[in-house]
Amino acid sequence: MATSGEQLLSRLLSDLPKNEYFFRYEPRLVQPDGHSSKPDFVVVSSRLGVMILEVKDWTHLTGGDHERIQIITREGKPQTLPNPLRQVEQYAYDLNRRFETRAELWEERRGKTYLKFPWQPVIVLPYIARSVIQQFEHKAIWPRHLVLGKEDLQNVARLRAALDNLPWRYRLPNPIRPDLLDIVREILDPTLAVIDMQGQAIGTLTRMQEHLVKESISSLQPQQMMLPEMDFSQESLGISENSVVRLVRGVAGSGKTLVLVRRVQHVRQQYPQSRVAVLTFNRDLADDLALRIGRPDDEHVHVSTFHKLCRILVGDPWRSPHTPREWFGRYAADDLKALNLSAEFAEDEIAWRREKHLLNDETYFNAVRIGRGQALLRPQREQLAALHRRYLDYKASHSQWGDWDDVAQNALHALDHHALEHSFDAVLVDEAQDFAPSWMHLIKRLLKPNGVLFICDDPSQSIFRSYSWQEKGVSVVGRTRILRVPFRSTREISLAAHTLIEADEMLRTAEERAEPDLTSYELSSGPKPRLLTFDSSEQEIAYVIKHIEQQVAQGVRPTHIAVLCHSFALARAWEKYTKNFGIYVKHFEKMKGLEFQSVFLPGLDSAFHDVMDAEEIAVGRRKFFTAMTRARYHLVLSAVISLPPALSPLMDAVDMESPEEV
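Residue numbers for the sequence shown follow our numbering, beginning at 1 and rising by one.
In case anyone wonders, no lab produced these hints; they're calculated from the structure. Since we're looking at a predicted model, the values are computed, not measured. The beta-carbon is built from N, C-alpha and C at its ideal position, and this holds for glycine as well. It is possible that part of the hints are untrue.
Listed next, the in silico EDC-like pairs over lysine to aspartate or glutamate satisfying Cα-Cα at most 16 Å (straight line) [claimed, not checked]:
1) K308 - D164
2) K308 - D284
3) K395 - D405
FRET-style restraints, in silico, Cβ to Cβ [to be verified]:
4) H145 - R513: 24 to 32 Å
5) V477 - K576: 43 to 51 Å
6) H211 - G555: 51 to 59 Å
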C-alpha cells in the first residue's frame, strides 16, 4: 500500500505536463539472472531523461554518514536505517542493465557506446525541510540537489523546478524521440509489448494506445484497479443517461484493432463479471479478433460479425441475402443506363432512403442528399423512386428474396424482449465506419443502461457506407481520440496509399478524416510499391504466380501473402490460379482489419469501368487505399496495358515497370 508521501508525490507527478512526462509506480525490474528490484517511482521526461525515485516518509533526521541515517520515528523512538542513496543508486543500475538489453537506446560516440539519454537517482523526503537536507549536503552525505524535500512538493511548479535542478550529468540537445520513449515504457511495463501471431515482438503500445486500453470505467465495479479512476462525467451523455462512449479514430495501420483487443483483455481482467460483445463487419476479421483476444472458453465474451448476431436474434434458418444491385443488374439495367447511373449507385440510394426513413416518395424527392458528387434532379429521383417501387413489389412477390438491409431491421424487431436486449456491460465495434445507423441502433439496445460503447473507425477506409456519427445517433464530440501514426506499413507504402486520398477532393476534405503523422516516429522503411503493366492478362498471371512462388521459397508463410481483388469475379479467377499456394485471396469487401507481409493487387485495368460520378470514384479510391494499407512490407500493383485515370495519382509514388523490365 502506498505511503502518504508516495500518494502526495503521485498526485503531483500526475499533474506534470503529459506531453513531456510519464511515470510508473513500483515497476518491477527483472534482470536476466532472475534478480529483480522495485523502485518507488521511475519518472521519464523527454526533455531531461530518466529519474529513479526513492521516497521516505521520515519526519525527523538526527545524523548519519554515507552508509547510515539516524531518524526519530513518528512514535518518538531513535532508529538507524540504511542511507537511501545506496538503495536508489542500486535501482538506477538495475534499470540501466535493463536498458542494455535494447540496442535502440544506445549510440556510439568516439569509439564508445553511450545511452542516448541520462538517468538520475533521486531521494524524496516529503516531510523534511530544505534547511535540514542542506545540512546533510554540506557534510557530503548526499550530493547537492539530489534530495527533494517538503518545499519541493508544495505544488507541481516547484516539483518541476526541482527535477530541472537535479545534478544531471548532461543536458539533452533535443527531446527523446517517441519511439525511444515507448521502449522505456515497455521496459518498465513488459505487458505493453506488441507481439505478433508468431510470438515475435514488433513494437510497443504508444502512450495514447495504452491510455485507451486501460482507462477506467466508472460504471463497472473493478476487481482491482490498475490505474486511478478517470473522470468520464463529461462523456456520459449519449446512448443512455449513464452510458460511456469512446471513439478511437485512426489512420490505416495505427493500431485500432490492437487497442480494441487489449481493451477487451483488460476489461475482462479488471471486471471479471462483465459481459462483453465484440462486433465487426466481415467474418475473417471476426475470426482474427477471436484468435487475438485468446479467450475461447470465456462465456462472457461474444465475438462475431454483426450479421451473425442478427442471425442469433432472428432465430430463423439462415438464408444468404441478396443485394439490390443483383436485381438492378437483372431487371433494370437499361433503365439505369438511360439515367447514366450504375447498379451500385441505385443500391446505395435505396440503402440511404431506408436509413434516413424516407419511405414516402415525396419526402425523398425533397430530402437534401449531400456528398454524391453528382446532383440528382427531380426527374431522376422520380425514375429512381419508380425503380424502387418495382424492386419492393418484386420482393413482396418473391418471399425467398431478402436483401442485406432487411437483416438489421428484422433483428431490431426480434430484439424486443429478447434475452440479449440490454445484456452487455460493454460492446466494442471494429471497423465501425461501415456500420449503418440501424446497426448502431441495434447495438445500443444490446447495452445495459450503464454500458460502455467502444468504437474504432477510419472514414478513409469506408467500403460500404459513409454516415456521420451524428446520423448514426451516437454523440462522439469530446469522446474521440485519434491515432495518427501508420505503424503497420512501411513509410513508402503509406505515402503511396495516401496519394489516393490527397488526390480526391471528397476524401481529402472529408470532415471526419484523420490526418496521418509520418514524422513523429521512425517508421519502418522499404522499397516503393511496384506498379507493373503487362501486354496481356496471361503475362500478369504468370508474373504474380512466379513471385508468390519465390516468396514462399524464401520462407514467407503463405498465410502472410494476399491477393486482393476489386471485384468478386476477379477474386474467383485468382482463387483458381493460386489454389495450390494456400495464400489469402479475397475481394476487397473481405479484407477489412487484416494485414499481410506481402500484398498483390492485380487487374487494376478493369477497375472503375462502370463508375459514373465523383462519389463512386471516391468510394473506389477508398477501397484501393484500404487494400494497399493491408501490406506491411511488400506491395505489388498490376494492370494490363494501362491504369484507369482514377488511379493515376499512384504513378508518382510507385516504381513503374514494364513487361520488358520484369
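Exercise for review: Quickly compare the C-alpha distance for K308 and D164 to 16 Å and report which way the hint goes.
Suggested key: Answer violated: K308 to D164 is near 57 Å, above 16 Å.
Check your understanding: Cβ-Cβ distance between H211 and G555: within 51 to 59 Å?
Key -> violated, 37 Å
Point to revise | Hinted pair K395 and D405, Cα distance within 16 Å | key: Since the Cα atoms of K395 and D405 sit roughly 13 Å apart, the hinted pair holds (cutoff 16 Å).
**Study point:** Whether the CB-CB distance between H145 and R513 falls inside 24 to 32 Å
**Key:** At roughly 48 Å between Cβ atoms, R513 and H145 fall outside 24 to 32 Å, so the hint is violated.
Exercise for review: With a cut-off of 16 Å on the C-alpha distance, tell me whether K308 and D284 pass.
Suggested key: Roughly 13 Å separates the two Cα atoms, so the pair holds.
Practice item. Please test the hint of 43 to 51 Å on the beta carbon pair from V477 and K576. Key: holds, 49 Å
Taken one by one, the earlier hints fail for this structure at numbers 1, 4, 6, listed in ascending order.
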